[in-house]
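Reading the sequence shown from the start, the letters are residues -36 to -1, 1 to 104 in mature numbering (1 follows the signal peptide of the UniProt record, and there is no 0).
In case anyone wonders, no lab produced these hints; they're calculated from the structure. The beta carbon of each residue, even a glycine, is placed where N, CA and C say it ideally should be. Certain hints may be false.
Unchecked claim - Cβ-Cβ distance ranges computed for the label pairs, FRET-style:
no. : residue 1 : residue 2 : range
1   : G12       : D73       : 17 to 23 Å
2   : G66       : N6        : 31 to 37 Å
3   : V85       : G7        : 30 to 36 Å
4   : Y89       : G46       : 18 to 24 Å
5   : A14       : D34       : 18 to 24 Å
6   : Y76       : S19       : 21 to 27 Å
7   : R74       : S19       : 28 to 34 Å
8   : V85       : E47       : 21 to 27 Å
9   : R77       : S17       : 27 to 33 Å
10  : G46       : V85       : 19 to 25 Å
11  : A14       : C104      : 31 to 37 Å
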Amino acid sequence: MATKRMATKRKATKAALGISAMALALVAATSGVAYAGPGDNNGASVTGVAGVSPSEGCTPGYFCIYTGADYTGTMFRMYHCGEYNLNNWNGVGSWINDNTGGAHALIQDRNYRTLVDTDPVYNWYNGSYNFAPAWHVKAC
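Sequences and hints are given; from them, build the entire structure.
Printed below as a string of structure tokens:
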């Protein structure tokens, strides 16, 4: 009798674990959060900014982000003292702070907490930055 109860408990536990796993998968699939590996910035954009070829260069006075590491992929130029939303930045890219007048650019998370405070003199570039937690840029 005890063996039968143990087998029933095991089946119930397995069923509960299976339901829990399905619920977690459903939450992950519908939460609006995209999980991706490094280098997966395909389709990334910046609200209000057209992406251009990196061959155009990061113009002085701008903060530039790239969908690829080592300043490759699509480049987005953001003028200082603007605030921008990042869309679908889920992997490794790169950035250059070419702001003038000492203007910093902030890379921020979904709650506008600063992840990186870029300084145009001492911390002005990064050729391999994981944008996965980044949601906003304040280029000022």
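Non-conforming hints, listed in increasing numerical order
6 and 11
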